[in-house]
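Visitor: The lines below spell out each chain.
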Amino acid sequence: GDSVTQMEGPVTLSEEAFLTINCTYTATGYPSLFWYVQYPGEGLQLLLKATKADDKGSNKGFEATYRKETTSFHLEKGSVQVSDSAVYFCALRKNTGFQKLVFGTGTRLLVSP
Amino acid sequence: DAGVIQSPRHEVTEMGQEVTLRCKPISGHNSLFWYRQTMMRGLELLIYFNNNVPIDDSGMPEDRFSAKMPNASFSTLKIQPSEPRDSAVYFCASIDTGGSGNTIYFGEGSWLTVV
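Protein sequence lines correspond, in order, to chains A and X. Counting in the numbering used here, the first sequence runs from 1 upward without gaps. Counting in the numbering used here, the second sequence runs from 114 upward without gaps.
Keep in mind that the hints were calculated from the coordinates and are not lab data. Each statement offered as a hint is correct.
Pairs of lysine-lysine, DSS-like flavour, derived with a Cα cap of 27 angstroms:
1. A:Lys56 - A:Lys68
2. A:Lys68 - A:Lys94
3. X:Lys137 - X:Lys181
4. X:Lys137 - A:Lys94
5. A:Lys94 - X:Lys181
6. X:Lys137 - X:Lys191
Input sequences plus hints: build the corresponding full structure.
Guide: So, in structure tokens, the structure goes:
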């Protein structure tokens, strides 16, 4: 079945460091890919998305590129802030049929001043 | 847009009591999901409605759980009787499958504690 694999956390960084959170997927066809973020005590918010190969999603300084050849959608940010501390979820969704989101296990990011 | 609205935001109840969680999807969205989040199991899809009809409820853990969607603007998830292991965050989400976007939007969750 379809699945998403994320790197284990927590990821601990100092402010202004470069961030990469790895995400790979397994799916038939060409799903849409998403990153959701969950801040402490809050719900899931869409951070960015990409709907086809080579698309780059970006938002709030975060970027991720849909790589079909490596089935990956790694999240990056050039300079993290303390306010970026949260749990990040990679997810896929088929574009036809039963269109549920399949989530990875989430990666906690901790940014210290 | 008001977003997906869930209530209650927080609930503490005693084991054996009935719990009802409520969700109002984004206006115009025709599909609705209920997810459960726990530390042990992460995010799990419980049930999915399309045009108010349950499409897949294979994720509902057992008969104590039931969900309804009487109309396009309201859904409930009921647990009767509740047990401590039901303690989790329950998210409702919605999408317009006929629209040009393909984004599922989540509510802020109902944080349930069963003691």
